[in-house]
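Construct the entire structure; sequences and hints are all you get.
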Amino acid sequence: MGFLRFFLVFIPISIVAEFMKLDSVWIFILSSISIIPLAWFMGKATEEISVYSGPRVGGFLNATFGNATELIISFFALKEGLFDVVKASIAGSVIGNILLVLGASMFFGGLKYKIQKFNRKVIEVSSSMLLFAVIGLSIPAIFTYTMDTELIANKYQWLSISIALSMFIIYLLGLYFSFYTHKDLYGSDHEESTEAIWGLKKSILVLVICTLIIALESEFLVGSVEPMTESLSLSKIFVGIIIIPIIGNAAEHSTAIIMAVKNKMDVAIEIAVGSSLQIILFVAPVLVFLSLLFKPMSIVFNKFELVSIIVSVLIVNRVASDGESNWLEGIQLLAVYIITALSFLI
Amino acid sequence: MGFLRFFLVFIPISIVAEFMKLDSVWIFILSSISIIPLAWFMGKATEEISVYSGPRVGGFLNATFGNATELIISFFALKEGLFDVVKASIAGSVIGNILLVLGASMFFGGLKYKIQKFNRKVIEVSSSMLLFAVIGLSIPAIFTYTMDTELIANKYQWLSISIALSMFIIYLLGLYFSFYTHKDLYGSDHEESTEAIWGLKKSILVLVICTLIIALESEFLVGSVEPMTESLSLSKIFVGIIIIPIIGNAAEHSTAIIMAVKNKMDVAIEIAVGSSLQIILFVAPVLVFLSLLFKPMSIVFNKFELVSIIVSVLIVNRVASDGESNWLEGIQLLAVYIITALSFLI
Amino acid sequence: MGFLRFFLVFIPISIVAEFMKLDSVWIFILSSISIIPLAWFMGKATEEISVYSGPRVGGFLNATFGNATELIISFFALKEGLFDVVKASIAGSVIGNILLVLGASMFFGGLKYKIQKFNRKVIEVSSSMLLFAVIGLSIPAIFTYTMDTELIANKYQWLSISIALSMFIIYLLGLYFSFYTHKDLYGSDHEESTEAIWGLKKSILVLVICTLIIALESEFLVGSVEPMTESLSLSKIFVGIIIIPIIGNAAEHSTAIIMAVKNKMDVAIEIAVGSSLQIILFVAPVLVFLSLLFKPMSIVFNKFELVSIIVSVLIVNRVASDGESNWLEGIQLLAVYIITALSFLI
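Protein chains in written order, with UniProt numbering: chain F, 1 to 346; chain V, 1 to 346; chain L, 1 to 346.
By construction, these hints were calculated from the structure, which means they are not laboratory data.
Any given hint could be a false lead.
[Stated by the list, open to error] Cross-link-like lysine-lysine pairs, in silico, PhoX-like; alpha carbons within 25 angstroms at most:
no., chain 1, residue 1, chain 2, residue 2
1, L, Lys303, V, Lys121
2, F, Lys117, L, Lys121
3, F, Lys44, F, Lys236
4, F, Lys121, V, Lys295
5, F, Lys121, F, Lys183
6, L, Lys303, F, Lys303
7, V, Lys44, V, Lys262
8, V, Lys201, V, Lys44
9, V, Lys121, L, Lys183
10, V, Lys183, V, Lys114
11, V, Lys264, V, Lys112
12, F, Lys183, V, Lys112
13, L, Lys121, F, Lys264
14, V, Lys44, F, Lys121
15, F, Lys303, F, Lys121
16, F, Lys114, L, Lys121
17, L, Lys117, V, Lys121
18, F, Lys183, V, Lys117
19, V, Lys183, L, Lys117
20, L, Lys121, L, Lys262
21, L, Lys121, F, Lys112
22, V, Lys303, V, Lys44
23, V, Lys183, L, Lys112
24, L, Lys236, L, Lys79
25, L, Lys236, L, Lys183
26, V, Lys295, V, Lys79
27, F, Lys183, V, Lys114
28, L, Lys303, L, Lys117
29, F, Lys44, F, Lys264
30, F, Lys121, L, Lys121
31, L, Lys79, L, Lys295
32, V, Lys202, F, Lys121
33, V, Lys303, L, Lys303
34, V, Lys121, V, Lys202
35, F, Lys303, V, Lys303
36, F, Lys121, V, Lys121
[Unchecked claim] Residues of chain L clear of chain V, computed beta-carbon distances all greater than 10 angstroms:
no., residue
37, Phe76
38, Ile246
39, Lys295
40, Val336
We put the CB at the ideal spot given by N, CA and C, even for glycine.
So this is what it looks like as structure tokens:
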């Protein structure tokens with residue numbers, strides 16, 4: 001993945017483009033490409049800090065900074081009041097992690113190995129946690145769409161905040177579960193130590209610098225969404241559900257696929273499922289809390305986003321219960337992703 | 001659980017309160033508290049009669065009188081025409097049994113034992129039966145909400161009755177299955193014999209007396225629902241879906257949690273699942289039949305009740321397939337329950 | 001099943017009835033009965049040709065001609081513009097294969113054998129493929145029902161065709177998977193060779209003649225649907241979802257039940273699941289393509305059909321995960337089928 005460093009050249013280019021007020025389509029593309037290597041360096045820096053901080057704090061750091069890029073992009077979208085895009089990108093990250101990443105991992109892994117086995121036990125904990133998280137997340141939406149009550153805005157907001165709070169507590173309890181009370185369940189996967197290359201100080205510096213530049217690029221990116229979607233007559237939801245999650249997770253996604261091709265299917269699945277779990281239990285609640293700084297965002301997804309999330313989570317539970325994968329399963333996941341994307345394009 | 005006998009003192013207090021026409025909130029609370037020990041004594045008496053009647057008739061008695069309290073409360077709600085409350089309390093019993101009881105059992109059991117194992121085979125029969133029962137139950141509702149046909153009232157009622165009849169037949173066949181053709185599947189759990197304390201005659205007497213007093217208290221309870229919900233501006237559905245099921249099942253619920261803390265997770269799950277199954281296959285159809293005495297009640301739930309039931313049943317199927325539980329799973333079930341309850345409170 | 005040859009006498013009777021312009025109810029019944037033995041002979045001929053063509057081409061032939069009867073009936077319904085009936089019969093075939101055929105197989109098999117075991121592994125591949133197929137199929141419908149966008153007719157049609165194409169590609173890849181890359185997964189079931197009775201030439205002749213007569217009878221059948229449903233005040237959807245699938249699959253269905261009674265539960269389940277899979281991945285897309293010859297048919301099912309299909313597929317996945325069946329499970333599947341049918345009758 002070292003070649004990603006060459007992408008860093010797009011950072012100055014995108015800045016120049018922004019100041020020259022180039023067409024929004026170009027700004028969108030250039031800032032997107034700039035974010036990809038930054039996200040990758042940020043991941044590296046976090047991993048390296050983990051080496052120094054010991055496995056518990058390290059696990060916590062990894063779990064928390066794993067979706068920092070998405071959090072930053074969403075923060076700026078939130079600030080711009082693009083609630084539709086924010087919620088679509090939450091839904092899109094879950095769908096993308098499960099259908100696209102897991103699908104591509106199973107497909108490319110399956111081309112090389114006839115049947116790939118993985119440890120059901122480890123994945124069952126996360127995938128069942130994911131199921132509960134999604135159910136909790138769906139309740140207010142199901143309530144909104146099924147009851148004919150006119151919910152008073154204030155109360156409604158209060159419900160969103162309570163649910164975000166519950167999610168966040170479950171997230172913390174989940175960390176406590178996996179790093180304290182039941183840490184022996186999670187065997188060798190979590191110990192894959194990275195060698196220290198940069199040293200602690202330099203890693204922290206990399207982390208800070210990357211965060212700042214990502215913040216800058218995210219502002220360009222988010223600023224270009226509205227004019228771009230208008231000039232290309234794309235729907236904003238398509239951008240939110242398909243494009244932003246791919247940018248935010250590109251580095252992570254490639255890692256999963258590389259692991260699958262190395263026949264480490266456990267790691268590939270854990271990346272996809274763990275990342276989805278963080279999105280729902282950590283990123284989504286934090287965005288609800290942050291929205292209180294601007295204009296409160298409810299946690300209610302639109303029906304199609306909701307159905308897509310639920311279906312993805314059911315699929316991952318089905319896949320996990322099996323303990324094996326092959327190329328055909330991978331293609332089927334990819335086909336579901338493509339059909340979903342096509343539906344939004346139209 | 002012997003301390004429950006002290007609660008019996010609330011019976012005369014509630015009767016006095018009713019005749020003094022105290023505020024409906026008090027009547028509701030006092031009659032609720034009175035029902036709890038009565039339900040527990042009724043359970044005890046049924047178990048003791050089972051000792052004398054032999055395992056088959058005993059199993060039948062336990063299976064049939066297990067939800068007698070709820071049946072009595074619902075009967076009076078039916079008589080008052082509170083169909084919303086009756087249906088909400090059917091849904092609420094299923095949700096409460098699965099999310100609240102199973103959640104609390106797994107949580108408190110999990111605090112004491114790191115991982116609790118249980119026999120998947122036994123639970124799979126009930127949980128898969130529960131799945132089919134719920135699907136059968138959902139069909140008329142799904143039909144109502146998805147087809148744009150104006151169903152003529154008479155035909156509609158006829159469909160409700162046919163479904164209730166099918167449910168009831170499946171219930172009888174299920175008893176035949178578990179007590180005759182496949183009784184060896186159900187091992188030691190069902191043999192936990194109680195020592196006879198009261199003797200047969202006294203047990204029957206206790207059963208009859210408890211039934212009569214529960215009937216009286218239920219009439220107070222149901223009579224107070226409407227004025228109470230108005231004065232507290234609670235929704236009637238909240239009372240039906242959350243409060244009544246907790247009252248009706250309190251004794252049973254505590255037993256499940258006690259069993260879990262004793263590491264008898266099989267028994268705890270069997271109580272939760274078995275009780276849900278009786279609600280859907282026995283209590284619901286019987287209430288549809290009884291409603292013909294007053295004004296016919298359809299078997300169509302509102303969308304949120306339906307979704308909640310389906311989700312709960314999917315969860316229990318997921319949990320059962322695993323064969324293990326821990327405190328985090330318990331907390332997640334409880335969180336889903338709390339979020340559901342909050343949604344109805346608002 | 002040899003007695004079926006006596007049903008061939010209904011072919012001339014139905015032709016005479018058609019030319020005498022008998023009542024549509026009679027034409028419907030007579031042409032239905034004529035199709036049943038023809039479908040059976042066509043199946044026999046295909047199997048025999050497979051003996052000569054070797055297992056790979058043979059598997060392909062069986063997989064492709066297995067639902068030829070339904071394809072032909074649907075083709076004529078398509079020509080008549082009876083889109084509702086065509087889509088209902090696709091949904092009805094899936095429901096019928098899973099609820100009716102699997103239910104009857106488990107019930108009758110279960111009456112003879114207390115517990116019937118089957119190989120989970122083999123069924124899990126098909127049932128998980130079925131799950132993905134149904135999810136893919138549901139996406140445009142879910143999109144249509146959940147988004148408030150007015151989709152422009154042209155784009156909409158383009159989406160239907162893309163999905164049909166994806167399905168068809170998955171179908172071909174599935175055949176490649178089961179006959180080339182992973183053919184060792186599918187053990188002895190696929191090798192149950194039939195003895196050659198007719199010889200190759202005669203088999204091809206039987207296949208051609210049966211196809212022609214089925215085409216003729218299907219035209220009578222489809223022509224009688226509209227006047228018959230009017231004169232009996234049945235809904236066309238009921239005919240599509242319940243009656244046509246039973247006619248089209250009668251021969252196949254009986255085979256599954258016979259296998260179950262012989263305790264070959266694997267074969268029975270494989271027939272039900274495999275046939276459903278062909279309907280969704282092969283018959284449905286081909287009908288979408290064929291509709292372009294007349295008037296384009298979208299792949300969007302009505303909500304009830306969709307829910308029924310999804311529920312059936314969830315049931316078969318649940319049943320497969322278990323690895324065992326008994327008479328009670330069979331009765332429950334049948335009960336769900338009967339309740340569904342009743343809902344449509346009203």
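Each hint, compared with the structure:
Simply put, Lys303(L) and Lys121(V) have alpha-carbon atoms about 35 angstroms apart, too far for the 25 angstroms limit, and the pair is violated. Among the hinted pairs, Lys117(F) with Lys121(L) is consistent with the structure: their alpha-carbon atoms are about 14 angstroms apart, no more than 25 angstroms. Note on Lys44(F) and Lys236(F): the hinted pairing is violated, with a Cα-Cα distance of about 31 angstroms set against a maximum of 25 angstroms. About 52 angstroms separates the Cα atoms of Lys121(F) and Lys295(V), which puts this hinted pair outside 25 angstroms; it is violated.
At most 25 angstroms may separate the alpha-carbon atoms for a hinted pair to count; Lys121(F) and Lys183(F) meet this at roughly 13 angstroms. Proximity of Lys303(L) to Lys303(F) is assessed by CA-CA distance (about 14 angstroms); at most 25 angstroms being required, the pair is judged to hold. Restraint check: the Cα-Cα separation between Lys44(V) and Lys262(V) comes to about 20 angstroms, which is no more than 25 angstroms; the hinted pair holds. For the given pair, Lys201(V) sits about 14 angstroms from Lys44(V) by alpha-carbon distance, which is consistent with the 25 angstroms threshold.
For the proposed pair Lys121(V) and Lys183(L), the alpha carbon gap of about 32 angstroms is over 25 angstroms, so the pair is violated. Note on Lys183(V) and Lys114(V): the hinted pairing is violated, with a Cα-Cα distance of about 32 angstroms set against a maximum of 25 angstroms. A hinted pair counts as satisfied when its Cα atoms are at most 25 angstroms apart, and Lys264(V) with Lys112(V) qualifies at roughly 12 angstroms. Between Lys183(F) and Lys112(V) the CA atoms are separated by roughly 17 angstroms; this keeps the pair inside 25 angstroms, and the hint holds.
With a CA separation close to 22 angstroms, the supplied pair Lys121(L) and Lys264(F) stays within the 25 angstroms bound. For the given pair, Lys44(V) sits about 40 angstroms from Lys121(F) by alpha-carbon distance, which is inconsistent with the 25 angstroms threshold. Proximity of Lys303(F) to Lys121(F) is assessed by CA-CA distance (about 32 angstroms); at most 25 angstroms being required, the pair is judged violated. For a cut-off of 25 angstroms, the pair hint linking Lys114(F) to Lys121(L) stands: about 15 angstroms separates their Cα positions.
At most 25 angstroms may separate the alpha-carbon atoms for a hinted pair to count; Lys117(L) and Lys121(V) meet this at roughly 14 angstroms. Annotation: proposed proximity of Lys183(F) to Lys117(V) holds, straight-line Cα distance about 18 angstroms (limit 25 angstroms). Between the alpha carbons of Lys183(V) and Lys117(L) the distance comes to roughly 18 angstroms, so the proposed pair stays at or under 25 angstroms and holds. Between the alpha carbons of Lys121(L) and Lys262(L) the distance comes to roughly 21 angstroms, so the proposed pair stays at or under 25 angstroms and holds.
Restraint check for Lys121(L) and Lys112(F): satisfied, since their Cα atoms lie roughly 22 angstroms apart, inside the 25 angstroms limit. Under the criterion of a C-alpha separation no larger than 25 angstroms, the hint pairing Lys303(V) with Lys44(V) is inconsistent with the structure, at around 37 angstroms. Pair hint Lys183(V) plus Lys112(L) holds up; C-alpha atoms about 17 angstroms apart against a cutoff of 25 angstroms. With a C-alpha separation of about 16 angstroms, the suggested pairing of Lys236(L) with Lys79(L) holds against the 25 angstroms cut-off.
Restraint check for Lys236(L) and Lys183(L): the C-alpha separation of about 42 angstroms exceeds 25 angstroms, so the hint is violated. Of the pairs offered as hints, the one joining Lys295(V) and Lys79(V) holds, with about 8 angstroms between alpha carbons and a cut-off of 25 angstroms not exceeded. About 11 angstroms separates the Cα atoms of Lys183(F) and Lys114(V), which keeps this hinted pair within 25 angstroms; it holds. In summary, the hint linking Lys303(L) to Lys117(L) is not supported, as the alpha carbons are separated by about 35 angstroms, beyond the 25 angstroms threshold.
The straight-line distance between the Cα atoms of Lys44(F) and Lys264(F) is roughly 19 angstroms, inside the 25 angstroms bound, and the hint therefore holds. Taken as a hint, the Lys121(F) and Lys121(L) pair is honoured in the structure, with Cα atoms around 18 angstroms apart against an allowance of 25 angstroms. Proximity of Lys79(L) to Lys295(L) is assessed by CA-CA distance (about 8 angstroms); at most 25 angstroms being required, the pair is judged to hold. For the hint linking Lys202(V) to Lys121(F), the alpha-carbon distance of about 51 angstroms lies beyond 25 angstroms, and the restraint is violated.
Proposed proximity of Lys303(V) and Lys303(L) is supported: the alpha carbons are some 14 angstroms apart, at most 25 angstroms. For the hint pairing Lys121(V) with Lys202(V), the CA-to-CA distance comes to about 38 angstroms; that exceeds 25 angstroms, so the pair is violated. With a C-alpha separation of about 14 angstroms, the suggested pair Lys303(F) and Lys303(V) falls inside the 25 angstroms cut-off, and the hint holds. In summary, the hint linking Lys121(F) to Lys121(V) is supported, as the alpha carbons are separated by about 18 angstroms, within the 25 angstroms threshold.
Distance check on Phe76(L): its Cβ is at least 26 angstroms (rounded) from any Cβ of chain V, clearing the 10 angstroms threshold; non-interface status holds. The beta carbon of Ile246(L) is kept farther than 10 angstroms from every beta carbon of chain V, the shortest such distance being approximately 19 angstroms. Against chain V, the non-interface label of Lys295(L) holds: every CB pair exceeds 10 angstroms, the least being about 23 angstroms. The claim that Val336(L) lies off the interface is violated: its Cβ sits roughly 5 angstroms from the closest Cβ of chain V, which falls inside the 10 angstroms cut-off.
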